[in-house]
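Novice: Work out the full structure: start from the sequences and follow the hints.
The lines below spell out each chain.
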Amino acid sequence: MMQLLSKQKFLFLFGILLVVTPFVVTNRFYLNIFILILLYATIAGSWNILGGYGGQLSLGHAIFFGIGAYTSTLLYLNFGVSPWLGFIIAAVISIVVGILIGWPAFRLRGTYFTLTTIAFAEVIRHLTLYFRDVTKGAIGVNIRFEPSFANLIFREYSAYYFVVLVLFVISIAIAIWVDKTKVGYYLKAIREDEDGAETLGIHVTKYKMIAMVISAGMTGIAGVFYAQYMLFFEPISVFNMNFSIEIALIAIIGGVGTVFGPVLGAFIIIPLNELLRSSFPSLSGMNYLIYGVVLILIVSFLPNGLLPILKSIPKKLKGLNKKNIKVEDGEKVDYSG
Amino acid sequence: MKKVASVIMVGFLLLLSACSGGASGDGEGSGKSGTLKVGALYPLSGGLALLGEESFRGAELAIEEANKNGGIAGGKKIELVKGDAVDADAAQAEANRLINQENIKTIVGSYSSSIAFAASEVAERSGVLYWELGAVSDTITDRKYKYVVRTNPPASYFSKVHVDFIKEIVTKKLGKELGDIKVGLAYEDSTYGTTIADEAAKLAKKEGINVVTKQAYSAASNDLSSVVLNLKKAAPDVLIAVSYLNDAVLLARQSEELGLKVPVFVGSGGGHTMTDFEDAMGEKANGILNIDFPQYQINREATPGIEEFMALYKEKYGEDPRSGHSLTNYMGMKIVLDVMDKVGEVDPDKLKEEALKYTADPGSTVTGWGVEFDQDTGQNKLGQPYVHQWLNGELKTVWPENVAVEEPQIANK
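Read top to bottom, the protein sequences are chains A and B.
Each residue of the first sequence is one higher than the one before, counting from 236 in our numbering.
Each residue of the second sequence is one higher than the one before, counting from 59 in our numbering.
Be aware that one or more of the hints could be misleading.
[To be verified] Examples of chain A residues toward chain B, derived with CB under 8 Å:
1) 267
2) 364
3) 374
4) 466
5) 467
6) 469
7) 523
8) 527
[Claimed, not checked] Pair by pair, the computed Cβ-Cβ distance ranges are:
9) A:339 / B:238: 26 to 32 Å
10) B:236 / A:381: 41 to 47 Å
11) A:552 / B:92: 53 to 59 Å
12) A:390 / B:104: 28 to 34 Å
13) A:312 / B:93: 40 to 46 Å
14) A:476 / B:319: 35 to 41 Å
15) B:411 / A:517: 53 to 59 Å
16) B:92 / A:243: 53 to 59 Å
17) A:369 / B:260: 14 to 20 Å
18) B:359 / A:390: 44 to 50 Å
19) B:104 / A:537: 25 to 31 Å
20) B:122 / A:531: 52 to 58 Å
Please keep in mind that the hints were generated in silico from the structure rather than gathered at the bench.
The structure presented is a predicted model; accordingly, all values stated were derived computationally and were not measured.
From the three backbone atoms N, C-alpha and C, an ideal C-beta is built for every residue, glycine too.
Specialist: Below, the structure written as structure tokens:
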């Protein structure tokens, strides 16, 4: 039987694999998929802090993604500000916007909070279209391909890969920190029973706001990377509600409220999407059909996502062995409420 | 937690090995066994699929025709590999696939400007030649990329035809001086509408034409009455509209209801070109002018080969062309094939060099356009949209005279 790995060994090996990936995968088509996986894992991980741990189901995270992309790119194009600096500025602006949205929206619960986030995303998209003197409106923003380190534009995809890998590692580190400290425990308490948490003395709004700040900031940073990687984006591509849904979906499919759930989700959803599209070149639209069916199956049969199921497999194996039984450190989350 | 580890690990290893296998698998795809590979990126599913598919058919037909006639460059066949570029993200991924998986050195596209932007970025980075055959955003060629060439006229040429038409025809028909003509603009607020309208307003002002109102609206809007009432207040002689289908119909219907009468109504392709517009409006569509890529009611002498194209289309797809998009892409693809024929291979640098030398006289291509590429930007300077008019249920070319089949009918009220 396969030797089961300890968590530390796993993280170490996983890290090594991620580092060697661009040296093994030299084909840009596949490397592009790996870059997208890490990018979406980062964003879904950020979403997970607010949506998974805090239970605040946001379907407006495209706001921060778009703000990140627009902030750094407009600064770069108009004032020559390096996107490296843009990372920080974009994070700050995303956080400010996140707080401004959280202020009214956190007074609402459940579906009403979700609807508010959707509304904010739509408003911001329309504002971007309206102020076209600044944002170039619907035409979108095109960054000239002038590769240099300061411009954060590279000819080689492997350079992008390492940039997004760093972002990914940061997001995992933050998620682990949240998971292990009282912030995470408080957020889970708020998710399970907001009134109960308040009664116990948890400053509910403060901790929701902390989750929002982390979530918005990281998503904004991911937006900067997206802009520098794609070199073209438009309001419809970055402030898109489908995007907000997709990142929530990645986290939900993988398993919300866990550190590695969104990572697992990204490793499943992104390749599924990309490889399916290229698998049916003569049957346009077939990929969407299969993609849809797979998602329906996962959500119908595994409402807690895939991670809890994966976790239960070795547990069962151990149950057979009747020894060395430990309590699992993950937990299940009910998203129906 | 820790046991999940091994499962994820195995999955990751599998993925990694699958990917690295593909990298070395294909080998040289072009030049071998006498075929030349061309990639095609169009939206073939999703919201843009209707006209994306129509555009793709034009490119496909040109290649089939060339293969049927014995291939190019001394009998080499052309293999068309298509990618479904639903949106900018998909275009980026598909361009990467064509270049790295299929080993393609020449890509054509794309119908939509955002797809063109995303795909051409990848092409430029990879040193692969990207031919735009249909998307109109000026920026695509204004960037002066090394590996971007465009055969069709950009949006600003639409605006120029709008203004030229007012200058040459409308002034005479209405019996007014250029300075006395009041122009109103109503346009949807995405790339398509804003590019054409902004440029038209700029050109009109330069010519001393009075632009009395500019009304932007969302194409998804259910009510354009405020737009119509503002137009009514401004009472333009000429209304330039840039609309997709639903909003074009809505604008026309609500103008009728609210009593807006404009002597000269000129659309800018999009919804005003489509037979669905005529179906929805019936009689009311009669007389509406429209500036667009060449359509099929056109002077055959100025557009040699158009009959053959229509016959070929009917034979292959069992229906008449649904719009001029296929014709425009067919014309562009023929230029690509001509250039490839001369070079005999798909080396991007040689193709670009040969393309910049390529010329054709106006009136010698199937769209009636000439070909001469701007040496800096790669933009074909001799393409232009034409003015059409809905007359008794048919969209007829009315201006310029060399391609017209009817005189533009403008009532002097």
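Novice: Honestly, which of those hints from before does the structure not fit?
Specialist: When the structure is compared with the hints, numbers 8, 9, 15, 20 turn out to be violated.
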